[in-house]
Amino acid sequence: MKGSITIVGFFVLGILVSYYHLIPFNFASFNLSFYTLCGLMFCVGISVGCDPKTLLSFRHLDPRIAFLPLMTILGTLTGCIAVSLFLKERSVSDCCAVGSGFGYYSLSSILITEYKGAELGTIALLSNILREITALLFTPLLAKHFGKLSPISIGGATTMDTTLPIITQYSGREFVVVSIFHGCVMDFSVPFLVTFFCSI
Amino acid sequence: MYIIIIITLMLSGLIAGYLARRKNLASIHKVITLLIWTLLFLLGIEVGNNKTIINGFHTIGLEALLITIGAVTGSTLASWALWIIVFKKNSQKGAER
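Respectively, the protein sequence lines represent chains A and B.
Mapping of the first sequence onto my numbering: residues 1078 to 1277, in sequence order.
Mapping of the second sequence onto my numbering: residues 890 to 986, in sequence order.
Among the hints, erroneous ones may be present.
Stated by the list, open to error - Derived DMTMM-like pairs (lysine to aspartate or glutamate); straight-line CA-CA distance at most 20 Å: (1) A:Lys1130 / A:Asp1238; (2) B:Lys940 / A:Glu1166; (3) B:Lys919 / A:Asp1238.
These are calculated hints, taken from the structure and not from any lab test.
Chain B with its partners taken away, still in its complex shape (with noise of 0.2 Å):
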């Protein structure tokens, strides 16, 4: 339910946004930031009203470091194969003509 919100919101903006594209728009920059600092906000309020939290905040965050090296190893891993495919084999054809 919340994502058709979110979505629809989001393109709403985007069609919005497209509308008003000879305003000058350089604050929405600011508002956006704002919201950012708003939410995590809100979120730390959430976590530390939450006791299980912040007893395993180790884990936590032993946790988050090892998705994180899962997830750049393989992006940089899949990237670089996409780099060997679409380039190597670019500069091998310049080099020959």
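Extracted from the complex, chain A is given alone in its bound form (with noise of 0.2 Å):
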């Protein structure tokens, strides 16, 4: 939760530095913050790479928890699309290209920017923070009621790092290397489809 108002606090102090000029030259023309993706995406690269025991873990799991990962992305697109037909300014795909950030609000902000501008790219910031809190404040509720794979599924891309700990406690120890797993699996999936989806 601190993580995310950190980020959010960063966010809104590009804002204000920007709209009140409070820096004499345009960083955008530099395109500074694609290069500050790469060196994002080598680091995020090194992190798994540096840990190969949490990947061996993977081999003790029920080989049906794989799919979580599969109706993780199916619900949310489902879901997406059934949302874009509300929204007459969004098409199917660009709404696709939000959901697919599934709660990696960093990453999917700043490639929906690079493919399709600012505008598409802070709703999504803003769609994948709010999964992200969904995920902190909804897991008790909906691990009781919608099964303990619930938590892990809403928690999109998150659920490796930061909403680990809260779906260890309501869903229970044996849920952790799923947990880590669907993490993983989506982290890994976020670029992939985000790209798709803007693309089509």
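Got two chains here, each in a separate frame; can you build the complex from them with the hints?
Structure follows, in structure tokens:
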């Protein structure tokens, strides 16, 4: 939660700085965000690669649980398609691109900004932050009424880091490996799905 | 084009991380956090420069909220279905035994 607030803080700070013209030159013209994104993706790769123990623990999973990321993707996209029918300004693929962030707001908002501009990028940022907050707030309720897998599905790509503690608490310790596995698969599918929906 | 560069970087990071797995790489998470902060700050700068977004922020917020509601509802129902298929059946089998 504290992490999300800091993120929003930096976003708001950026808005204020440029809105009141506190910096004399235009950062956007240097393509700086793209190079930073490249650095980020390399570091994300390192952080997964240097921890092979996590990857090895996946061997003990119930093979049917491997379908959970697929259910998350299908459920999310179906929901986004349904919502896009009510949003006249946004196309189905725009809504699906935003939904394909699965709570990974930093990566999805930057990717969508690169492809579709800052407006849809901002929607992606807000929507995916809201998804993480929903996961944090509603996990106790969801775990009780919709099965122990639902908090993991809602958490999307965040279930291997920010939402892992609360999932452990309400779904139980036996779901830790499922949660990490799910987060890992979702993390890697975000760039593919977002790019796919931005290019159709 | 972007995606090829990004995926290549992610995979080369994966390999680099695996090769250096015996080294202490705890600081990588700090670097990641710092880069995320930088990116969001830069996105903020872009948004602040864009009058259309600033003036339509309430509509954008509402759209974001609606997409989230759709995404969350959809994934709840889909995971609930999987839960019923995998675990409810398992627990019934357990009871029969």
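Hint check results:
no.	hint	result
1	A:Lys1130 / A:Asp1238	16 Å, holds
2	B:Lys940 / A:Glu1166	18 Å, holds
3	B:Lys919 / A:Asp1238	14 Å, holds
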